[in-house]
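Based on the sequences and whatever the hints tell you, model everything.
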Amino acid sequence: MWKVNSPKPVKLIIGILAANHKCLYTAADVLASKFGRMDFTSDIWPFDKTDYYREQTGQHILRQFVSVESLIEPGKLAKIKHKTNKLEQKLAKMLALPLPRPVNLDPGIIEPSKLVLATTKNYSHRIYIGKNMYAEVTLIFDKGRWCPLEHTYPDYRQQCYFYFFEKVRERLLEQLKIFQLSKK
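Following the working numbering, the numbering of the sequence shown begins with 1 at its first residue and continues without gaps.
Hints are not guaranteed to be accurate.
Unchecked claim - Below, in silico cross-link-like pairs of lysine-lysine (DSSO-like), each with a Cα-Cα straight-line distance of 30 Å or less: (1) 121 x 83; (2) 3 x 131; (3) 183 x 167; (4) 79 x 131; (5) 90 x 76; (6) 90 x 34; (7) 83 x 22; (8) 183 x 3; (9) 131 x 121; (10) 167 x 8; (11) 83 x 8; (12) 8 x 184; (13) 114 x 83; (14) 90 x 49; (15) 3 x 177; (16) 22 x 79; (17) 184 x 3; (18) 8 x 86; (19) 76 x 8; (20) 167 x 143; (21) 114 x 3; (22) 49 x 114.
Just so you know, the hints here were simulated from the structure itself, not pulled from any lab data.
Now the structure itself:
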């Protein structure tokens with residue numbers, strides 16, 4: 001007899017790109033109100049590995065990550081991406097800057113072996129996850145460290161990101177132990 005196993009819960013992370021500090025802090029507050037308490041917030045870094053978002057978000061873009069304390073089912077990622085897209089639109093109106101997208105929100109999940117990002121854009125290395133959304137494995141965790149893949153975005157190859165994702169992964173492992181004990 002074939003047995004189908006339910007997936008284990010995962011950690012939701014959200015990458016924030018913002019035009020300035022006010023946009024960044026406002027976005028973090030809105031995310032906490034919509035997704036719940038954050039257990040980790042990364043340092044703030046310059047987003048300078050690509051010019052891709054400059055016309056939408058400005059000349060001096062800031063990057064920060066947050067992780068949500070409560071674990072989620074991995075199948076909710078597409079729905080969460082829709083929610084963050086709507087929040088971006090709400091934030092653009094609220095912040096009232098002369099930029100079309102003063103905040104960019106990129107949700108993803110961390111599992112013990114990988115970091116997966118949601119996206120609206122299809123490409124050869126992305127898979128469809130429902131609700132007109134795609135996902136890609138951006139990093140894998142192998143032999144005790146985060147490893148980029150051929151298609152990994154340049155900024156996701158930075159050691160400072162790896163340090164943050166490792167803290168989130170360690171917390172996930174602690175939470176999964178508690179989750180397993182509660183199942184017994």
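Next pair to validate is residue 83 with residue 22; report whether the Cα-Cα distance is within 30 Å. holds, 21 Å
Has the given pair, residue 76 with residue 8, been kept, meaning a C-alpha gap of at most 30 Å? holds, 12 Å
Taking 30 Å as the top limit, are the C-alpha atoms of residue 90 and residue 34 close enough? Given that 30 Å is the threshold and the Cα spacing comes to 12 Å, the pair holds.
Decide if the proposed pair is consistent with the structure: residue 131 and residue 121, CA atoms, cutoff 30 Å inclusive. holds, 12 Å
Assess, step by step, whether the Cα of residue 114 is no farther than 30 Å from the Cα of residue 83, and give holds or violated. holds, 23 Å
Residue 183 paired with residue 167 [C-alpha distance capped at 30 Å]: holds, 25 Å
Checking one constraint from the list: CA of residue 49 to CA of residue 114, max 30 Å. Satisfied? Satisfied, since the Cα-Cα distance of roughly 22 Å is no more than 30 Å.
Keeping to a limit of 30 Å between CA atoms, is the pair of residue 114 and residue 3 held or broken? Measuring from Cα to Cα gives roughly 24 Å; hence the hint holds.
Does the alpha-carbon distance linking residue 83 and residue 8 stay inside the 30 Å limit? Holds - the C-alpha atoms of residue 8 and residue 83 are around 22 Å apart, at most 30 Å.
CA of residue 79 to CA of residue 131, is that 30 Å or under? holds, 7 Å
Taking only the CA atoms, is the gap from residue 121 to residue 83 under or equal to 30 Å? Holds, at roughly 16 Å.
Given pair status - residue 184, residue 8, alpha carbons within 30 Å: Holds - the C-alpha atoms of residue 184 and residue 8 are around 15 Å apart, at most 30 Å.
Taken one by one, the earlier hints all hold for this structure without exception.
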